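> If you want our numbering, it's the position in the sequence shown, counting the first as 1, plus 1.
Source of the hints: derived by calculation from the structure; they are not laboratory data.
Among these hints, one or two may not hold up.
Derived CB-CB ranges, DEER-like [as the list claims (entries may be wrong)]:
#, residue 1, residue 2, range
1, Gly6, Ser90, 29 to 39 Å
2, Trp14, Met89, 37 to 47 Å
3, Leu98, Ser18, 24 to 34 Å
4, Tyr4, Leu99, 46 to 56 Å
5, Thr61, Val92, 40 to 50 Å
This structure is a prediction, so every number in the text was calculated from the model and none was measured.
No residue lacks a Cβ here, since even glycine has one placed at the ideal position from N, Cα and C.
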Amino acid sequence: IPYIGTDLVQWIWGGFSVDKATLTRFFAFHFILPFIIAALAMVHLLFLHETGSNNPSGITSDSDKIPFHPYYTIKDILGVLLLLSVLMSLVLFSPDLLGDPDNYTPANPLSTPPHIKPEWY
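Go ahead and model the full structure; you've got the sequences and the hints to work with.
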């Protein structure tokens, strides 16, 4: 964009080049955006089950509504608790089970580890 391109780049990046402000801003967006999307999806499902969907034909959708609470809520809470219990037992009882054995080799500052390939290779 010829006329506003420079101003747009400086506004998005926070300066002439990528700097600390740019990295902080994009890290914050990349960190918080999945949580916002998950929250919006949960609210969408809640309202879809409570009020039904809207359609352009004007036909009522009351017969298609499924009561969301308490059956689905209890089922979802039970699934989350089961998943968290399996994850916590894995983390607490055998934390190195899913680890990479290359992470336990002693560091040598004079050579690059074989499992790390820089871009110029």
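> For each hint, tell me whether it holds in the structure or not.
Tested hints:
no. : hint                       : result
1   : Gly6 to Ser90: 29 to 39 Å  : violated (54 Å)
2   : Trp14 to Met89: 37 to 47 Å : holds (41 Å)
3   : Leu98 to Ser18: 24 to 34 Å : violated (43 Å)
4   : Tyr4 to Leu99: 46 to 56 Å  : holds (52 Å)
5   : Thr61 to Val92: 40 to 50 Å : holds (49 Å)
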